[in-house]
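The listed protein sequences correspond, in order, to chains A and B. For the first sequence, this note's numbering gives the first residue as 32, with consecutive numbering after it. For the second sequence, this note's numbering gives the first residue as 125, with consecutive numbering after it.
Calculated directly from the structure, the hints in this document are not laboratory data. Misleading hints may appear alongside valid ones.
What the hints assert, rightly or not - Partial chain A-side listing against chain B, Cβ under 7 angstroms, derived:
1. 166
2. 208
3. 214
As the list claims (entries may be wrong) - Cβ pair distances, simulated, as ranges:
4. A:178 / B:324: 49 to 55 angstroms
5. A:110 / B:210: 35 to 41 angstroms
6. B:324 / A:146: 42 to 48 angstroms
7. B:221 / A:220: 27 to 33 angstroms
Beta carbons are placed, not taken as given, at the ideal position from N, Cα and C, and that holds for glycine.
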Amino acid sequence: MKKLASIGLLILVFCVGVSFAAEDPFSFAKKRTEEIINIVSNRSLNESVKRGKIENIIDGLVDWDYVSKSVLGIHYRRISKHDFETFKKKFRGYISYVYAKKFIKYNGEKINFLKDEKFDGSARIYAEVITNDSKRIPVITVVRQVGDKWLVADIYIEGVSMVANYRSQINNVITQKGFRALLDMLDRRT
Amino acid sequence: MRRLCVLLLVAFLFFGTIGAKYALADDKISVDNGTSKAANLSTTNETQNGINGMMEEFIVAQQDIPDPFEPVNRASFTFNDKLYYWVLRPAAKAYGYVIPEAIRKSLDNFMYNSLFPVRFINSILQGNFDKAGYEFVRFLVNVVTGLGGLADSAGECFGMDRNYSNEDFGQTLGYYGIGEVAYLYIPFYGPSTIRDVVGEVVDTFGNPAYYVMSLWTFFGYEAFYRFNKFSLDVDLYDEIKKESFDPYIAVRNYYINYRRELIRR
Chain A
32 MKKLASIGLL ILVFCVGVSF AAEDPFSFAK KRTEEIINIV SNRSLNESVK RGKIENIIDG
92 LVDWDYVSKS VLGIHYRRIS KHDFETFKKK FRGYISYVYA KKFIKYNGEK INFLKDEKFD
152 GSARIYAEVI TNDSKRIPVI TVVRQVGDKW LVADIYIEGV SMVANYRSQI NNVITQKGFR
212 ALLDMLDRRT
Chain B
125 MRRLCVLLLV AFLFFGTIGA KYALADDKIS VDNGTSKAAN LSTTNETQNG INGMMEEFIV
185 AQQDIPDPFE PVNRASFTFN DKLYYWVLRP AAKAYGYVIP EAIRKSLDNF MYNSLFPVRF
245 INSILQGNFD KAGYEFVRFL VNVVTGLGGL ADSAGECFGM DRNYSNEDFG QTLGYYGIGE
305 VAYLYIPFYG PSTIRDVVGE VVDTFGNPAY YVMSLWTFFG YEAFYRFNKF SLDVDLYDEI
365 KKESFDPYIA VRNYYINYRR ELIRR
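Work out the full structure, taking the sequences as your base and the hints as a guide.
Shown next as structure tokens:
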């Protein structure tokens with residue numbers, strides 16, 4: 032648990048996902064990361080402006096359709112298309128909001144991009160974040176090709192999958208309280 | 125006498141672990157059914173993208189968290205939640221206000237460095253002499269150039285990773301194939317498993333402080349070590365709670381999957 036302290040900062044590597052298919056996701060990752068760091072480090076911007084800019088970047092990084100289906104798991108087939116679209120919209124806003132808040136906490140940690148593994152239409156990008164107290168935290172970003180873009184499908188920080196983590200929580204909420212309660216929770220959190 | 129008591133406790137926990145492992149073997153509890161089914165769903169719908177194979181490979185490792193004591197654990201989680209907001213958080217904030225962060229970090233470095241035998245022995249027990257050597261060098265560098273361990277000069281000056289050789293007996297048991305047996309959420313302590321509780325008790329014997337203090341002083345020392353560390357990131361739990369739909373499950377996932385990752389490394 033102690034290493035979770037750095038999670039907010041590690042998510043910075045989240046940005047590696049956006050790249051044009053013609054461009055290698057690994058090499059593009061550094062540019063995207065620098066872009067985020069530049070926003071966070073820009074002293075002329077206040078926090079809400081920074082957060083807004085980062086939220087916009089995150090919004091364009093993630094394969095929301097795929098991630099929303101994944102986190103809903105078995106419940107995806109049990110809800111209507113309209114409910115799914117409602118969930119996707121709210122979840123998208125929620126995740127962008129939560130992770131933009133985390134990015135703001137970036138404090139000069141070093142990020143090393145180590146390697147990538149390419150598959151048919153998808154890739155894993157391996158990176159490590161070196162915290163200010165000398166801990167190396169492994170981060171794996173899973174991206175998939177959608178049209179002419181690479182989009183984030185999941186991120187693993189120290190072996191913990193964001194998608195799997197949300198899936199088990201959401202499964203529990205829907206099973207015990209129902210789908211509407213989940214939507215209400217999303218409303219309250221953004 | 126006190127050492128005999130600790131030994132008996134270790135034996136009790138160890139044999140309890142073995143017994144519980146067999147008891148659960150035929151009735152493996154999967155609290156995360158949604159995970160595996162979702163993977164299947166993805167496989168049938170979206171095989172064209174080849175991502176599902178690799179997603180499943182990861183996701184399989186995130187399934188099957190044994191939590192047979194969930195009702196008790198949840199009660200314990202609620203207790204610790206109240207303890208956090210009513211006692212620990214205000215106390216840690218006050219402590220952080222009085223004691224500068226630099227001093228708290230130095231104390232943490234010193235106490236962490238003094239636990240070198242635990243990490244060194246467990247690296248050897250796992251047959252990983254590379255990690256054992258790394259830990260040995262890290263310890264020496266911190267003692268010689270880091271004011272006896274008050275500064276983490278191995279990390280700050282020489283870029284030596286603090287996580288690389290951070291081994292304990294719970295990981296050693298995991299390395300030899302012993303599973304978590306059951307997830308535990310312990311009052312005043314937090315997330316653990318039966319395997320990791322056994323590991324914590326065994327690791328006590330590798331802690332030099334155990335041999336130079338009375339048992340109660342040692343418990344106080346350990347409590348202070350954890351409280352001091354907690355004061356360095358006092359809002360972490362609050363953030364996890366605010367960002368979770370079910371904080372109990374979020375903490376359980378983080379803990380179990382993080383420990384599995386440490387063992388895998």
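Results of checking the hints against the structure:
no., hint, result
1, 166, "holds, 5 angstroms"
2, 208, "violated, 10 angstroms"
3, 214, "violated, 11 angstroms"
4, A:178 / B:324: 49 to 55 angstroms, "holds, 51 angstroms"
5, A:110 / B:210: 35 to 41 angstroms, "holds, 39 angstroms"
6, B:324 / A:146: 42 to 48 angstroms, "violated, 35 angstroms"
7, B:221 / A:220: 27 to 33 angstroms, "holds, 30 angstroms"
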